[in-house]
Amino acid sequence: MFALAGKAAENLRKIRADKPLIHNITNFVVMNTTANVLLACGASPIMAHADNEVEEMVDLAGALVLNLGTLTDDWVTTMIKAGRRASDLGKPIVLDPVGAGATPLRTNAARAILFQTWVSVVRGNASEILSLAQQGSTTKGVDAIHTVTDAAEEACKLARELGTTLAVTGPTDLVTDGRRTLMVEGGHPLMPYVTGTGCSATALIGAFLTVDKDPLTAAATALAYFGIAGETAGARAEGPGSFLIHLLDALYTLSPEEVEARCRIGKG
Amino acid sequence: MFALAGKAAENLRKIRADKPLIHNITNFVVMNTTANVLLACGASPIMAHADNEVEEMVDLAGALVLNLGTLTDDWVTTMIKAGRRASDLGKPIVLDPVGAGATPLRTNAARAILFQTWVSVVRGNASEILSLAQQGSTTKGVDAIHTVTDAAEEACKLARELGTTLAVTGPTDLVTDGRRTLMVEGGHPLMPYVTGTGCSATALIGAFLTVDKDPLTAAATALAYFGIAGETAGARAEGPGSFLIHLLDALYTLSPEEVEARCRIGKG
Amino acid sequence: MFALAGKAAENLRKIRADKPLIHNITNFVVMNTTANVLLACGASPIMAHADNEVEEMVDLAGALVLNLGTLTDDWVTTMIKAGRRASDLGKPIVLDPVGAGATPLRTNAARAILFQTWVSVVRGNASEILSLAQQGSTTKGVDAIHTVTDAAEEACKLARELGTTLAVTGPTDLVTDGRRTLMVEGGHPLMPYVTGTGCSATALIGAFLTVDKDPLTAAATALAYFGIAGETAGARAEGPGSFLIHLLDALYTLSPEEVEARCRIGKG
Chain A
2 MFALAGKAAE
12 NLRKIRADKP
22 LIHNITNFVV
32 MNTTANVLLA
42 CGASPIMAHA
52 DNEVEEMVDL
62 AGALVLNLGT
72 LTDDWVTTMI
82 KAGRRASDLG
92 KPIVLDPVGA
102 GATPLRTNAA
112 RAILFQTWVS
122 VVRGNASEIL
132 SLAQQGSTTK
142 GVDAIHTVTD
152 AAEEACKLAR
162 ELGTTLAVTG
172 PTDLVTDGRR
182 TLMVEGGHPL
192 MPYVTGTGCS
202 ATALIGAFLT
212 VDKDPLTAAA
222 TALAYFGIAG
232 ETAGARAEGP
242 GSFLIHLLDA
252 LYTLSPEEVE
262 ARCRIGKG
Chain B
2 MFALAGKAAE
12 NLRKIRADKP
22 LIHNITNFVV
32 MNTTANVLLA
42 CGASPIMAHA
52 DNEVEEMVDL
62 AGALVLNLGT
72 LTDDWVTTMI
82 KAGRRASDLG
92 KPIVLDPVGA
102 GATPLRTNAA
112 RAILFQTWVS
122 VVRGNASEIL
132 SLAQQGSTTK
142 GVDAIHTVTD
152 AAEEACKLAR
162 ELGTTLAVTG
172 PTDLVTDGRR
182 TLMVEGGHPL
192 MPYVTGTGCS
202 ATALIGAFLT
212 VDKDPLTAAA
222 TALAYFGIAG
232 ETAGARAEGP
242 GSFLIHLLDA
252 LYTLSPEEVE
262 ARCRIGKG
Chain C
2 MFALAGKAAE
12 NLRKIRADKP
22 LIHNITNFVV
32 MNTTANVLLA
42 CGASPIMAHA
52 DNEVEEMVDL
62 AGALVLNLGT
72 LTDDWVTTMI
82 KAGRRASDLG
92 KPIVLDPVGA
102 GATPLRTNAA
112 RAILFQTWVS
122 VVRGNASEIL
132 SLAQQGSTTK
142 GVDAIHTVTD
152 AAEEACKLAR
162 ELGTTLAVTG
172 PTDLVTDGRR
182 TLMVEGGHPL
192 MPYVTGTGCS
202 ATALIGAFLT
212 VDKDPLTAAA
222 TALAYFGIAG
232 ETAGARAEGP
242 GSFLIHLLDA
252 LYTLSPEEVE
262 ARCRIGKG
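In order, the protein sequence lines correspond to chains A, B and C. Heads up: the first sequence begins at 2 in my numbering, then just goes up one per residue. Heads up: the second sequence begins at 2 in my numbering, then just goes up one per residue. Heads up: the third sequence begins at 2 in my numbering, then just goes up one per residue.
Fair warning: there could be bad hints in the mix.
The list cannot tell twin chains apart, which means a pair is met if one copy fits it or any two copies do.
Unchecked claim - Lysine to any residue pairs mimicking SDA-like chemistry, simulated, CA-CA at most 25 angstroms apart:
1) LYS158 with PHE116
2) LYS82 with PRO105
3) LYS20 with THR173
4) LYS82 with ALA51
5) LYS20 with GLU239
6) LYS82 with ASN109
7) LYS82 with ASP52
8) LYS82 with ASN53
9) LYS20 with LEU61
10) LYS20 with PRO193
11) LYS8 with LYS20
12) LYS214 with CYS157
13) LYS268 with ARG161
14) LYS20 with PRO190
Think of the hints as simulated: they come from the structure by calculation, not from any bench.
Isolated chain A, as found in the complex:
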């Protein structure tokens, strides 16, 4: 059942050895947290969004993370430019469609990126992910309005339609490429009380994609690692403030062996 535990450990080991450069075009709220999460994992984050620089940053990077929070039109243009370069070079792209479904700007931006670049993995909550297919759905900001279980069948179908891997996160995470589906256990109830935990999961998937060519297993093992760190943090936290501190400490101190022992990835 937990056959991917060894893979999770192996991927983490490789990231710490390689220190891959992860190029993030992400939102203002989570830039700091995302950078710290990537550093704690062992990767090397760069945040850069200048239109006349992003292609060169993509050239230097091992993966590209696109995140739609605090979005404006000019950032969408730049994300597509960076994404096209990454696509040309065969470098993995992760998309976090923050708030997709809440406003046309977000939903349209997510679709434009999906149609114009090769996105390896889309990571979001159920309402964000499902909004990529359905017109007229609404979300309460960036909060989920569907359960993962409700979303499993729809996500699988949508992954085939979009030709990408979908990572739907919640109390249980679901990862599907349309043919194969994995469920990832882990995390802690305090996670939704800290801004940027979802965005951090997305960035970690970017790091894992640099060492694992299969988007399904890269996403699932990244989420398993993040969930284990969340459990460790939750066991010690006294609230959402200390939770984030313990989470960063756990991402840094967790050994590949402990990740392997505690990894809970099962078939969907």
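Guided by the hints, dock chains B and C onto chain A, whose structure is given.
Just chains B and C now, kept in the frame of chain A:
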């Protein structure tokens, strides 16, 4: 004297039940902290500043928070657009005039927002608030140059002139709508050593306005709750770094009953 | 050998007494951390980047900090405008050439600022600093590709060419004005695992320049103070998350006497 203690508890209880969406157009320095403070309180933050999206975000939100830190002209335009929409819909607006009085850009932006939208509450330090009336005053950055006691009479008069409620924060907080004045005790000397504590208080007032139609009591109870969390944090902190962590934990763990027992709101 | 220990204590004492206003035009990732570091030290940070406001902010400030992370063309223009004003007024400028050498945008921006304003100190890692001289060098993002020891001689020559003081940070920090060279010991291996520690060191140099007219000793004593705080934090941290919290606490609680006793600045 502490008749509003029950109201403070009731407001907090409602926020945790309703999880109101709070739309923030705020500065880059505090976006992360503000989001975490709102989450810890029980509200649901959204940060969005795209000119072609803010009206739709206001439609979804329960309150709008406008904050002038790291301001540029285009952000002022967007804030006014969002504020007009909120005014049309009768949704509460809180304004944080960061640095008003320090530069014409800040002072003029604060006045433009006050004149073109219906602001329920303005939250600032004494020099920022008083700069909204007086031409030619200068502030030392965002630090207070007047004491709250000095400012009480002027604030009361200014509230009547501006037709809004003013929340002047400092060692003791003052809230006035020009007819009624409340004083709020609480907080900790470490608060000024953490960036974004003032901005966080402003955002919390936004959350409280979604459950309390009276701007005076909404502002006072929000500040009381924040001050109590500050006391709890200060008792455990070893410096400004751990203070912020304990503050977020306290905002999350404080029960309405404890807030009621420790609330210190008196008449001015 | 540690003759500057008394100077470090004196500078810290003055900052806490004067609370100098430090104007930062810096990157989105570290704005919050930088503001908190300056507050913990005893200075008063302001972040402002509006083209029609920066000159007035420079007028109010004691020093100007320019940081090239998350750079775009319009920010370069504004940085030069602010820098020219500071130069006209004789106010110290610190430049942090984040990512110089990685892309032409960064390298060219750093050079343009150096040529059009009077920069007192440039603080960066070895590859960033050396890229200011060498065309065609590449960096792996913002990480160092040279050791400080390798860089000492080149930095000394480069300082003379550029007519400024260079602070090259790493496990051992090197500060040179081309005639005199100082080595600063301190810090902790966790520092590179927290985003913004380098940028924070740069901002602290800005604060120290307001109380110490000699850029060489201002930079060296700022780095010594920061390194001592890093040692204190590292002794208590369980990972990069708690490291940053303890670092902010240490910057706030360290007495000038303790800084003097633990200061390790030697001749290069």
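Tested hints:
| no. | hint | verdict |
| --- | --- | --- |
| 1 | LYS158 with PHE116 | within (17 angstroms within a copy, 52 angstroms between copies) |
| 2 | LYS82 with PRO105 | both (21 angstroms within a copy, 18 angstroms between copies) |
| 3 | LYS20 with THR173 | between (29 angstroms within a copy, 22 angstroms between copies) |
| 4 | LYS82 with ALA51 | both (11 angstroms within a copy, 20 angstroms between copies) |
| 5 | LYS20 with GLU239 | between (32 angstroms within a copy, 21 angstroms between copies) |
| 6 | LYS82 with ASN109 | both (16 angstroms within a copy, 22 angstroms between copies) |
| 7 | LYS82 with ASP52 | both (8 angstroms within a copy, 22 angstroms between copies) |
| 8 | LYS82 with ASN53 | both (10 angstroms within a copy, 21 angstroms between copies) |
| 9 | LYS20 with LEU61 | within (13 angstroms within a copy, 41 angstroms between copies) |
| 10 | LYS20 with PRO193 | between (28 angstroms within a copy, 12 angstroms between copies) |
| 11 | LYS8 with LYS20 | within (18 angstroms within a copy, 39 angstroms between copies) |
| 12 | LYS214 with CYS157 | within (20 angstroms within a copy, 45 angstroms between copies) |
| 13 | LYS268 with ARG161 | within (18 angstroms within a copy, 64 angstroms between copies) |
| 14 | LYS20 with PRO190 | between (30 angstroms within a copy, 16 angstroms between copies) |
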